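Chemist: So the sequence lines, in the order shown, correspond to chains A, B and C. Residues in the first sequence are numbered from 1 upward in steps of one, following this note's numbering. Residues in the second sequence are numbered from 1 upward in steps of one, following this note's numbering. Residues in the third sequence are numbered from 1 upward in steps of one, following this note's numbering.
No lab work stands behind these hints: they were computed from the structure. Don't take every hint at face value.
[Claimed, not checked] Facing chain A, from chain C, some residues (calculated, C-beta under 7 angstroms):
| no. | residue |
| --- | --- |
| 1 | F192 |
| 2 | L644 |
| 3 | G646 |
| 4 | A862 |
[Said to hold, decoys possible] Some chain A residues flagged as far from chain B (calculated, every beta-carbon gap over 12 angstroms):
| no. | residue |
| --- | --- |
| 5 | R25 |
| 6 | D75 |
| 7 | D83 |
| 8 | I86 |
| 9 | L89 |
| 10 | S92 |
| 11 | W144 |
| 12 | A167 |
| 13 | R177 |
| 14 | Y178 |
| 15 | M180 |
| 16 | I243 |
[Said to hold, decoys possible] Selected chain C positions facing chain B (Cβ under 8 angstroms, derived; list incomplete):
| no. | residue |
| --- | --- |
| 17 | T316 |
| 18 | T495 |
| 19 | T531 |
| 20 | Y582 |
| 21 | R607 |
| 22 | D608 |
| 23 | K632 |
| 24 | S647 |
| 25 | D773 |
| 26 | D774 |
| 27 | N867 |
| 28 | F890 |
Every value quoted in this text rests on a predicted model; they were computed, and no experiment measured them. Backbone N, C-alpha and C fix where the C-beta goes; we use that ideal spot for every residue, glycine too.
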Amino acid sequence: MSEKVNAAQAPKLRKDMTKWQWIRREMNKNKIGYLMVAPYYLVFLTFTVVPVFASLFLSLTQFNMLEPPIFIGVDNYIRLLLDDDIFLLACSNTLIFATMTGPVSYLLCLMFAWFINELTPRIRAVVTLIFYAPSISGQVYLIWQTLFSSDQYGWINGTLMKLGITAGPILWFQDKRYIMTLVIVVALWTSLGTSFLSFIAGFQVVDKSLYEAAAVDGIKNRWQELWYVTLPVMKNQMMFAAIMSITSSFGFGAIVTALCGFPSVDYAAHTIMHHLEDYGGQRWEVGYASAIATILFAIMIGCNLLVNKILSKVGK
Amino acid sequence: MKFKIKRRSFNRSVGGDIGINILLIVFGLFMFLPMVYAISQSLKPLDELWIFPPRFIVRNPSFANFKELFRLMSESWVPFSRYIFNTAFVAAAGTFGHLFFASLAAYAMTKIKFPGRQGMFKLVYYSLMFNSTVSALSNFIIMSMFGWIDTYLSLIIPAFGSTLGFYLMRQFMESTVPDSVLESARLDGAKELLIYWRIVMPMVKPAWLTLIVYSFQGLWNSGTSIYIYSEELKTFNYAIQQILAGGIVRSGAAAAATVIMMLVPVTVFIITQSNIIETMASSGMKD
Amino acid sequence: MSMLKHKNRLAALILTAGMLVQPLSGVAVNAETAESEAGKTVDDTSYTLNSLADMKDLMVSINYEQYLSEHENVPDAKKEIVIDVADYNKELSKGEITVNNNDTVVRDGKEVKASTVTTTDEGRLIYDVEIPEEAMYSVTVEYYPVEGNGATIERILLIDEKIPFSEARYMNFSRIWKDIEEKGYSREARTFKVDINRNEMRPVKTEAPEWCTLTLSDSQMFYVEPFKFCLGEGKHTIGFESASEPLKIASIKLHAVEPIMTYEEYLEKYKNVPDANTDEIVMIHAETPLTTSEQVIYAMNDRTSAITIPQATDATLLNTIGGNGGDKWKTQGQWIEWTFEVPETGMYYIVPRFKQTINAGLFSSRKLYIDGEVPFLEANDLQFKYSSDWQTECLNDGSTKFKFYLEKGTHKIKLEVALGKMAEILRTISASTDRLNGYYRKILMITGSDPDQYTDYQFSKLIPDVLRGMREESAKLKEVSAQLEQTIGGKGENTVILDRVSYLLDIMGKDQDKIASSLANYKSYIGSLGTWLLSTKAQPLQLDYIVVQSASNDKMPKAEAGFFESVAHEVKSFIMSFFVDYNSMGASTKYDKDNPNAIEVWITDGRDQATIMRQMVDDSFTAQYGISVNLKLIAAGTLLPATLAGSGPDVSMDLDPVGYGIRNAVIPLNYFENTNKYMGEEILGFSDVKAKYFDNNEEFFVPLTVLDPDRREFVGKEYPIYDDDDAEFAVVNGVERNGVVTYGLPSRLDFPMLFYRKDVFTEMGLEVPQTWDDVETMIRALSEGQLEMGFAQTLAQIRMYQTGEEWYKSCYDYEDYEGEKDLQSREYLRTVGIQTNLDSNGALDAFQRMTEWFTLYGQPIAYDFANRFRTGELPIAIQSYTLYNQLKVFAPEISGLWEFVQLPGVEQEDGTINHNSPITITSIMMMRNAADDLKPGQDVTESQRAQNAWKYMQWWVGTEAQERFGKEQVAIMGTAAKYNSANVEALKGQSWTAQEKKNLNQQFKSLKGTPMSPGNYIVARYTNFAFYKVVDEDEVASEAMLGYVDDINNELTRKRKEYGFLTLDEYKEQLEAKGIGKKTDSE
């Protein structure tokens, strides 16, 4: 480039600069941007990203939390993927939970948000509070412990025995036949969290004129109206809600521990999160637990990409 | 009184409405059960508290548990006003620090086209999904390296970098703040910081209210923390939990404490509910 | 389906075995402290059986009210009979009795030579007495509270070697405690020892026995006047049986007590005495009493009011006494005595500044003594009204303000906890609660736990007395409710319970069909009545000061701070909270981290425990050893990351010290032997601690001791290889460093005991099961009365230990050893845990029998123990003995009707019964940070901080510290806060009754620790899975267990390899190398 001298005056064109030059130029033009982003990202990196890398590094070591880690390469992954059958059981349980609770709770949130949307603003606020309050208060699954208590005086056991359906008390949370179904029901019940709010918000964004137009085009009942008008507009909220419900259904574990104890009988409701806590907490093998965390992270990212693809087809 | 005929909107069948309302009432009751249960537990005298199967509605309610809790609080060496101050200070400092950092970063990422911002946002987006037992361990080591153990900083600084708040703020800014407004301001020679503070922040009011609620809720409920040792730095929940760890005798006061600890986040949610809904409306994924 | 599996309900049941039909009337149960009666047989081998015999005897005896009505027309005694204490009846008396013929006795202030008799905490002292003519006599005893181990002195009164009435079981002789005037505490000048931040520290209390006289009266204070005993003409015997603690007696007098004058007569007597003409106001600080009746009544801090004298915002001042929480000065019989001086003779007002915030709508009562005498009748019922603030009021009985005649000079004033006007009401309700309990069990025997309202149980034919009893109780309760309303001046929370119970009783009593349907309500009403009775009997009161002012001065001192004053106080103390150093509260020297002498101790208990420990650490540990301690109350889960980051404590507590030890995070404790007293003269080395505080019970140390393979010595020497037998090991400070290490000292201990309901067992004529076969026969009897037994799932382990099976395989399973197994040998420690022993025939049989209780005998798997035990549906269960606390709080109405005893055992060939039971130990550990001041080449025992940490630990597990820690918890949180210390002496020093101590002692002799091996968590997990496989899917027990044995062994081997422990294959190779290789089963 010969006339370097008056380069500053004549605006350089994008095409006649190398890619690297262009980036450097843009960077110092917008260096104020980096300054503004720096504070947040410094904290975010140290307290959220560093643990991710620490976990990745530790997954290649044998580390019992109190002595320096010993590098063992990919042994953890080999043991995890090849000869840990509890891990396979945990994966299948997690997938069952994810497929069962994910979409079902997603639709549940959608349905309730949609119903609530019908109400007048004042009542809607109250009803939203009632539906969202439990997840704030944290007292969520206490009720289920007493409802399904294995004591013969538990509510369900008591009524069943009174009606003569069962002879003795059923150990709801200790009997392999009942654990999975019960835990899924409780999970659905507690999943009305952030995704539920985003649906409620989404419904309010749709401006009313669209409905009039749709009515003219011959939309007869509320279901068609939902599918052809409301949902396409809310596509973005749907995706955000999808991520949140997938994340929560994969990270699903605390409820099972509270109800069935840790680990559940015969690992009936043992999820990947439980497996991670078992090795990290009781067995003091943090290296192996980090390997599980990495694999879980990979699965979650995979599912997310998949779900985004499916959702982008809604309303097409 | 103007009698307004409520015109039935054409595609709503009466049966459908009734069905929906019944469903809502049933499910609503079912969802609200734990709150009612917690409140009724806190009103039960000691002997009724352990009756099994527990009775839903308390038979002879008494405020003995709350009195016991306040007596225990008044007998503690560190005045309880200090514990409440600690919680308020940590929640406020953490929330406003987070608000300022996150909104600054969100503004820069959406309105200043510096290279690498998409990659940075992707980092935040994916970090929403990661959880492992290692994070607690590594954060503790980082804290002790910085020497922040047993200081307020150990509770406040991590709150600055929370991911959900930043994500919502960025989405909201991207969807509701038109670039045209900024271009004209930049032409008049306004500096970026000024634009951010004068123009953009007032426009994103619902977003930062939601952020406040989420962040406040998290920090308020922060109970026992492994970073805090000395008495006078403990938060309100931390102190209460330690009082109640005294044994069987304290379970009445424990039931009362759960209700008190639940009240504040719920009231905060009620106040800012409308704003949260508005922010969530914009939280969709654009790309 | 096995016969017993489903619970069928017999239409009608004739009570099994010729049972006492008499309802449980007359059982005056001391709801506050569990009933205590040393058995009739005196020898220590007296068995649990005797407490059942007591129960039968108790259920027969009448209460004092009936005793009085039977002897209504007997006149009061005219003459006084003094018994010469020296010549007791030698044949009838038992136990160790020492007579001292010229002992000095103080009578009304003068020292006199007289003979005295001292009895121990066991035995009987009986006297012959000649009665001139039949009359009612009261008994006055002149006694001296000899120092024992601090518990209350209890005697049982016997007339003609029988208990006249049930209340005669609890004669309490109160002790006298005094604050030691040293280290800055002086009572006159009201000064306390102060720590560096000016916080006042409590003085230590010691017993200061004096000669006192006691006229025998109801220790529950249900009856205000002393007891009257009817003695017919002729020869009789009268005496005491020891229930607890020794006692010295100087004289016993049988006489009629002259009635005390009423307040009018008192005023009449002093009518011409003017009001004291002095405007001086005498101030008595309540926090510095002359003497108290309990060690746990001491000066307390109050920060709720700005004008409590003295008050500070930046320091904790001990400005009050008594208090609302815990067990301080609220149980009948507890008293506090102060001394004060009056300038002039005359009439005075006595005005306390007090606070009573617990019994809403009621009042707390006190009994007043001036110079040891109750001035007038009404002084028995002083009332202190309820209010949420402090109050100042003249002493009154709810209606008249009292004036007192005081001569110039010093006087003594004593306030004793009493029931006052509530005595009569509470007595009736207490008696009726017991009767209602009895009726409930009778109904339960017939209807079973969930009665069906449509079945006609013909109650009127079967239990007519119960129906009649209910109608009587209903009327009685209605009358008492009216009386209560009149006493406390109005309906309210307190009367509503009585009305509700009486209304229900009325329905059930009249219409027998209603009984089945309302049984659930009846059950919960008895519960709330019991709780109401317990809370109303407590008379909490907090005193700031007592003012004595002339009767002419009606101006009361200011009771509560004004609004602005209290706001200012609150704001000021908030601001000061930024300057006060709370962490070294109680430390007399400033704690600084780098001072090598200081150590850091972490605890994760509740806040109450932390407050007690801070106080103890300063006034006993730091004072004694001069080492300042920084005590921190931290959240669970902090210990691990902190130790990793190097900022951990020096001493901490945990359930699994071996887990920390094998990862080199904890220092071995058996290295600290203090052989040549290098740590100091009075410091106990490891084996001294083991001998002194745990009487060398190896079982406590089995879960804490391991042969740690990579015990790299801190001195860095290369470690000798294992199997060369002639390897000689380094000896440092007299300890052979051969890899056998103990990583913790036991601090808390938990083990299961057998809880059972004495009343249900007495009614059904059942005996407490001693062996598992007895349990089988008992269960059949129980199920006929619709009752069940509760089991714990650790039963398999209990049975294994009782049949001599070990939890893990060890060298003894692979090599032939003759003679006694040495569980301390290196070879055993090296190999224990190599494989699980659950596949042995003994273990499989134990597991099989355990599951049969649930599958064959249909006993409940999941049950809410406290609830069912309280109602009596589950009258017997094996549970952790710490559940004692929950029962005390949750089921007050059955207090005294239940007991915990030794577990059933397995009969051995030689006829003895093995009652072994597994134990869980929480232990105190020394973290590796304690030795971070080591220079290279130094041995760990040479680190100054590690030595200080050891000094703290050997002090903490000591009897003095553990006993005090337990007693203080009871003082702060009441009798339901018993501390399960691992120190045997300290545990027995708690306020257990004599019978409870005996039962605990028996189980203590047969405890068995479970060795710890890496991977031990897997054994409990898979045995649990095996159990549910049997119970849920009806699989054969042995197959279910064998299914998991391989998984268990694989995990054990994997974890042992990870930490360098010996695995099975290596061990087998070593055996072949040595040519043994014989008995290697499970190939």
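Chemist: State for each hint whether it applies.
Modeler: We went through each hint and held it up to the structure:
{"no.": "1", "hint": "F192", "result": "violated, 44 angstroms"}
{"no.": "2", "hint": "L644", "result": "holds, 6 angstroms"}
{"no.": "3", "hint": "G646", "result": "violated, 11 angstroms"}
{"no.": "4", "hint": "A862", "result": "holds, 4 angstroms"}
{"no.": "5", "hint": "R25", "result": "violated, 10 angstroms"}
{"no.": "6", "hint": "D75", "result": "holds, 18 angstroms"}
{"no.": "7", "hint": "D83", "result": "holds, 22 angstroms"}
{"no.": "8", "hint": "I86", "result": "holds, 17 angstroms"}
{"no.": "9", "hint": "L89", "result": "holds, 20 angstroms"}
{"no.": "10", "hint": "S92", "result": "holds, 20 angstroms"}
{"no.": "11", "hint": "W144", "result": "violated, 9 angstroms"}
{"no.": "12", "hint": "A167", "result": "holds, 19 angstroms"}
{"no.": "13", "hint": "R177", "result": "holds, 23 angstroms"}
{"no.": "14", "hint": "Y178", "result": "holds, 19 angstroms"}
{"no.": "15", "hint": "M180", "result": "holds, 21 angstroms"}
{"no.": "16", "hint": "I243", "result": "violated, 7 angstroms"}
{"no.": "17", "hint": "T316", "result": "holds, 6 angstroms"}
{"no.": "18", "hint": "T495", "result": "violated, 12 angstroms"}
{"no.": "19", "hint": "T531", "result": "holds, 4 angstroms"}
{"no.": "20", "hint": "Y582", "result": "holds, 4 angstroms"}
{"no.": "21", "hint": "R607", "result": "holds, 5 angstroms"}
{"no.": "22", "hint": "D608", "result": "holds, 4 angstroms"}
{"no.": "23", "hint": "K632", "result": "holds, 5 angstroms"}
{"no.": "24", "hint": "S647", "result": "holds, 5 angstroms"}
{"no.": "25", "hint": "D773", "result": "violated, 32 angstroms"}
{"no.": "26", "hint": "D774", "result": "violated, 29 angstroms"}
{"no.": "27", "hint": "N867", "result": "holds, 4 angstroms"}
{"no.": "28", "hint": "F890", "result": "holds, 5 angstroms"}
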